[in-house]
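Taking the hints into account, I'd like the entire structure generated from these sequences.
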Amino acid sequence: MVESYKAVYTAGIGEIVEKKSRFIASVQPISSEDEAIAYIEQTRKKNWDASHNCYAYVVGKRNEVQRCSDDGEPSGTAGKPMLDVLLGQGIHNTLVIVTRYFGGTLLGTGGLVRAYVNATVEGLAQSVIVEKIAGKKGRIVTDYNGIGKLQYIVCQMQITVLDTIYTDIVTMELLVSIDKLHQLQEEVIEATNGKSQLEIFDSTYFAQVKDEVVLFDEEVEEK
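Under the working numbering, the first residue of the sequence shown is numbered 17, with each subsequent residue one higher.
The hints are simulated quantities; they were obtained by calculation from the structure and are not laboratory data. Quick caveat: nothing in here was measured; it's all calculated off a predicted structure. Possibly wrong hints are sitting among the right ones.
List time: in silico DSSO-like cross-link candidates among lysine-lysine, alpha-carbon distance up to 30 Å [claimed, not checked]:
#: 1; residue 1: 36; residue 2: 62
#: 2; residue 1: 96; residue 2: 77
#: 3; residue 1: 36; residue 2: 96
#: 4; residue 1: 22; residue 2: 196
This is how it looks when you write it as structure tokens:
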């Protein structure tokens, strides 16, 4: 099981200029190789007048697919350095296309590598990158005597509370990361003398985006 991984949440565009050549990095979240290929073709048509549209992408929580292209630049000066940035930052399911408009001055192989790396880094900096965490939705049912202790436990463990429903009993609906499940279950049983326990149901990946918790429709592999 992949308990967490980094990915692009919101696409971004970054640009640098080296000796009058413009390097425009377009960063896009993707979920498949077909999606990456379609976006590359779309970008090539849009930027038909560019000198080069180099790219790199990774697909899968374990980077099962890794592809890159120099698109006519000297071999190893564009696509591979771009791919190395994605791998080095541990970012998954992401496509980066760097469009170059030649400014009239040759940069040399070292200059090209630096330019494509810097453009990729700038594109990622202009994107929103999140850590997706494998978790479970769950609920705890308790009486009014036990809710205070449970709220304290949840707060101390930094568990996300999705909802709290007050009727003749109290139901807390939670989102718990995989690595905290066992500890939370033990804490709940101990705090309520076994009267309550954590009931687990749906698996999901989630991420904290600013002040909001976002759920993703992605399958969590069971151990």
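Taking the hints in turn, this is what the structure says about them:
{"no.": "1", "hint": "36 / 62", "verdict": "holds (21 Å)"}
{"no.": "2", "hint": "96 / 77", "verdict": "holds (20 Å)"}
{"no.": "3", "hint": "36 / 96", "verdict": "holds (23 Å)"}
{"no.": "4", "hint": "22 / 196", "verdict": "holds (19 Å)"}
Checked against the numbered hints above, the structure breaks none of them.
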